[in-house]
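Enquirer: Okay, here's what each chain looks like letter by letter:
Protein chains: 4
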Amino acid sequence: MIKVGIVGASGYTGGELLRFLKYHSDVEVVAATSRKFDGIPVYKVHPNLRDLELKFENLKPGEIDADLIFTATPHGASMKIVPEILEAGAKVVDLSGDYRFDDVHVYEEWYHFKHTDPRDAVYGLPEINRDEIKKAELVANPGCFPTGAILACIPVVNEKLVDTIVVDSKSGVSGAGVKPTTVTHYPNCSDNVAPYAVTKHRHMPEIQEKLSKFGDVRVSFTPHLVPVTRGILTTVHTFLKEDVSSDYVKEIYDDFYREEPFVRVLDVGEIPSLSSVRGSNYCHIGCFEIDQNGRLVIVSAIDNLVKGASGQAVQNMNLMFGFPETRSLEQVGLHP
Amino acid sequence: MIKVGIVGASGYTGGELLRFLKYHSDVEVVAATSRKFDGIPVYKVHPNLRDLELKFENLKPGEIDADLIFTATPHGASMKIVPEILEAGAKVVDLSGDYRFDDVHVYEEWYHFKHTDPRDAVYGLPEINRDEIKKAELVANPGCFPTGAILACIPVVNEKLVDTIVVDSKSGVSGAGVKPTTVTHYPNCSDNVAPYAVTKHRHMPEIQEKLSKFGDVRVSFTPHLVPVTRGILTTVHTFLKEDVSSDYVKEIYDDFYREEPFVRVLDVGEIPSLSSVRGSNYCHIGCFEIDQNGRLVIVSAIDNLVKGASGQAVQNMNLMFGFPETRSLEQVGLHP
Amino acid sequence: MIKVGIVGASGYTGGELLRFLKYHSDVEVVAATSRKFDGIPVYKVHPNLRDLELKFENLKPGEIDADLIFTATPHGASMKIVPEILEAGAKVVDLSGDYRFDDVHVYEEWYHFKHTDPRDAVYGLPEINRDEIKKAELVANPGCFPTGAILACIPVVNEKLVDTIVVDSKSGVSGAGVKPTTVTHYPNCSDNVAPYAVTKHRHMPEIQEKLSKFGDVRVSFTPHLVPVTRGILTTVHTFLKEDVSSDYVKEIYDDFYREEPFVRVLDVGEIPSLSSVRGSNYCHIGCFEIDQNGRLVIVSAIDNLVKGASGQAVQNMNLMFGFPETRSLEQVGLHP
Amino acid sequence: MIKVGIVGASGYTGGELLRFLKYHSDVEVVAATSRKFDGIPVYKVHPNLRDLELKFENLKPGEIDADLIFTATPHGASMKIVPEILEAGAKVVDLSGDYRFDDVHVYEEWYHFKHTDPRDAVYGLPEINRDEIKKAELVANPGCFPTGAILACIPVVNEKLVDTIVVDSKSGVSGAGVKPTTVTHYPNCSDNVAPYAVTKHRHMPEIQEKLSKFGDVRVSFTPHLVPVTRGILTTVHTFLKEDVSSDYVKEIYDDFYREEPFVRVLDVGEIPSLSSVRGSNYCHIGCFEIDQNGRLVIVSAIDNLVKGASGQAVQNMNLMFGFPETRSLEQVGLHP
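Protein chains in written order, with our numbering: chain A, 201 to 536; chain B, 201 to 536; chain C, 201 to 536; chain D, 201 to 536.
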């Protein structure tokens, strides 16, 4: 039994961490911090957690006596608190973008912050970094779009079959967070599809850096907001350098993901649906069709709050502490 | 470990039964029948159950060697197959309307069938019939609207505080089943609210019969289809015969449901949300406000496919076999 | 050709006023005020009005040289500016609640404001006040819920057939205005149905006061927010004092609304849909079914921003200036 | 005043033709055919057209005495009836795919029909064929996706700035027609994004053939179904062959569309929204951003049932008969 704290527990990723940890036999949640909701029962903010006898507390990260702390804090805020948590002896899974980049200059260019704590961290995508995660003190939990995009691309990049990749992603609105804005206002989202940060989204360099370890590729990325609450559907358009078949491509994916507990490779022509993975830690990957121009299309589906955030964070925690990797994450998707 | 079969497993309630039984440590699913999908892997129809190594089979109910069979069959079809299942020695939880009524004439009047098997069954709402369910061979699983409406009304009816009840329910579209119709066509449902069977819905006499056991009431009921996939939000408008306070009413609910594992009573003025219970077996009940005319408003929220169907069916199974009542149903709602 | 100004033109009702006036052959819009968007082209806020060569201006109402001014201002703000507009010689259609009540004490009790300008105004529901509107200097445009509820109830109240009325309304989110809030945050609205102000909504006394002119009734009212952008579907549950038939009730409605340009009476059992009236000034009324308890159900559908706000305001303007009542409002609903 | 007939008037495009023609001062609709709804008032199927005193008739096309007939018939059916209509002396705007291709072999390859009437027709996209449309007897109304994609691409293709084009389109569900299917079943569409016909959609060769007239390009196309009722949002990803700026690209679009009544070019970085054009015949085009790989992104928005079908058909009719091109199409989008 380990003691776990959550810093920034009132947002959507905080709520999802609490949902999964509630089922976890090896974890006791000792603190859920929130400045705004100090003293308020957790269920007042996360009404699905009605029975949770836990209150938000306005604690300093260093005050939490825990074996691991999830920092569900904004970009730029994590780097201010992670050092003292590590010094206090707890491990950290950070859900912000602060520690995701090998190259701190890329971070600073795209996040417009001076990085005050450019230490090494392990990029927490278990499908590519499982062994490093097991030994890590600090894991940088991947971004939601990168999780869907990287998992969809790696096998074909790894085989050097492509060099130009266009990622056209469609995200549910929960990805924008719990705070109401003009963008998330119901009449603006509903019955609409809204491309945003069309050529300038901060997840582009993250996808680029991670894929570059597997092959020489140029990544273009455009996200869209769609009238969906949870889920990211990623459509990857990429041009094959060799004349291979869809079946051949699918085999590459089968081989790459054979042992993965949370990745499922669908048949050629089969399209993943968001409901297949809703609420779950699974990533479904399918399609593998090739058109008359040699364009290969790969489609992936994840729940942005789970495999794209809190579920993956718990998966990382399981690895870091030697728990079974799937513990508390067995739930399948909620369909329909 | 018991052996369980599902007759009519390709619909939404079949999929949800399979989802919950997948997590159940005391159950082995030995058969999932479907005429239409005979020989097809279950996951082709329920894509969230990707790892399930089970195929639909076109079996006759009597051919299934099971301790319990869920009959997720249409109204009128259950009564044709339940007798032979019972004779073969299996217990039954029937999800149709065929065995829900004490008075078979009411059934025949509202369902427009001659009942060919008017035997006794236990109405499977554990909150009112727990002990009878434990001993039952045949449990009639309640309708989705009645579950939300009866749970919202019983305490106040039981106290003889009201005699006129107007139930205005709003249901997600999954309640209409898996088969596409004009009513469930996306452009007709989306951005619309559609009252239907306004004074003639078959769940009205079910609510009336069950509430009448607790007090002398006249029930009026109108369901609406809303652009929601899962969930029923029930607004009960009822007129108080005595001048009592909201706090007093809430106390009655607290007392009535204190020990219930799946009912949660909210505070005065607190409104349940569908996401609080989405995917879960919980029923949240709240509001308790009283207006200038003595109208008391009670609001309940359930997931129509879970507490309103398959979750409750599993809860009944747990009771019938002496398993812990909440086994495999611990999941909380998926919020947001 | 008259000159028209709009005070508070950046909200949804402002946008809709501009949309209708754009088509109006007798109107020139001379000013669209907004403090926040001063100097900004109107189409930056209302992107459907791309070709409109009009900018928002931060004008004082008294500075606008107009024959009529629409005050699309918040409750409490209208009463501060209407007096000076009237003094300057312009007529006013006020879209706030400030001038809707005959009894200023009711206003003060429900709106929690001291009324600083308790002058007479005409309640702008043409179906009951057409002649008074024609002569009015100041018209109080009705609330959105009252428009749908009053039109649904008047004929049967007028015939003294009922005395207890329960109005259960379902509103699209645009009714909450253009400003993002927790309530209108997409993940909170989507896949949800949310009763609010269950017994305390300010539109209740408005419905009560207007219906009381036609008969002695007690009105109970509960609104719900539904995942719809535009439209109000009103379900009226009322108990008949006499044993009359649905056909008889429908005839009463036919007679009452025979000459009305914007009200359509549907057949017995026919249910209005929101798409029938979306974007249009029509109100459809139907159902007229009666249940075993003598409960009569009436259902009405309007677009909350049109017949429930800006369309009706233009209809009032047409009457006030002797234009054909339907001018610029001929558009039918957008279905699907 | 011309006489107009609509063959296949009970579908969505039929309903929209009737909506626009209702406002048209030069048109009398003399027939709306439907086999299924013979004798039924039109408003029973298109409830927004409540006042229309027109009934569906099961007429043979040759029996309609009209100056122009819209054939809103399925692919493969139009070619069977268009010859006799033309022989009877009426002009035709055909909304199917039957006459859209210059090269009948491409049609036969992608539509899997033998073409029985390979006559010349004018492709009815006024922005590129206005003069030919004016003189045409038979106009092939463009597909919905091609309208959005071609308008978004032509200027940049015409300037020979690109040769590889990836069109990633997102369509509302009304594009799938009025007939309920598994794909359009609410629980399957809602909260989902579904790529379909990923590399094999019949609109791909249509886009390819028309763009090829303006430059040497390879078009890849993938449509997605999104939880939206009306509208197509098209994201064009294309790689610039020369190092030009966003401003330069926008100028090309300004120049190309300067005189167009229904195309609006937005600013660099400005994204069109579906509500801007909902219910209207407008096409908004914007974005023009260029990323680090020289990828240019163009985004267009149309209403699939209007500029993507019936509105454009009426625009074509206006041109064919010398009416003002915008007549009856002045309506702007319904926002929000």
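Worth flagging that the hints you see were computed from the coordinates, not collected in a lab.
Computed from a prediction, not measured in an experiment: that's the story for all the values here.
A portion of the hints provided could be inaccurate.
[Claimed, not checked] Here are the simulated DSSO-like pairs of lysine-lysine, each with C-alpha atoms no more than 30 Å apart in a straight line: (1) K280(B) <-> K260(B); (2) K400(B) <-> K244(D); (3) K260(A) <-> K334(A); (4) K400(C) <-> K360(B); (5) K360(C) <-> K441(B); (6) K314(C) <-> K379(C).
Enquirer: It remains to establish, for every hint, whether it holds in the given structure.
Expert: These are the hints, each one checked on the structure:
1. K280(B) <-> K260(B): Status holds; Cα separation ~11 Å.
2. K400(B) <-> K244(D): holds, 22 Å
3. K260(A) <-> K334(A): holds, 27 Å
4. K400(C) <-> K360(B): holds, 26 Å
5. K360(C) <-> K441(B): Since the Cα atoms of K360(C) and K441(B) sit roughly 24 Å apart, the hinted pair holds (cutoff 30 Å).
6. K314(C) <-> K379(C): holds, 25 Å
When held up to the earlier numbered hints, the structure conflicts with none and fits them all.
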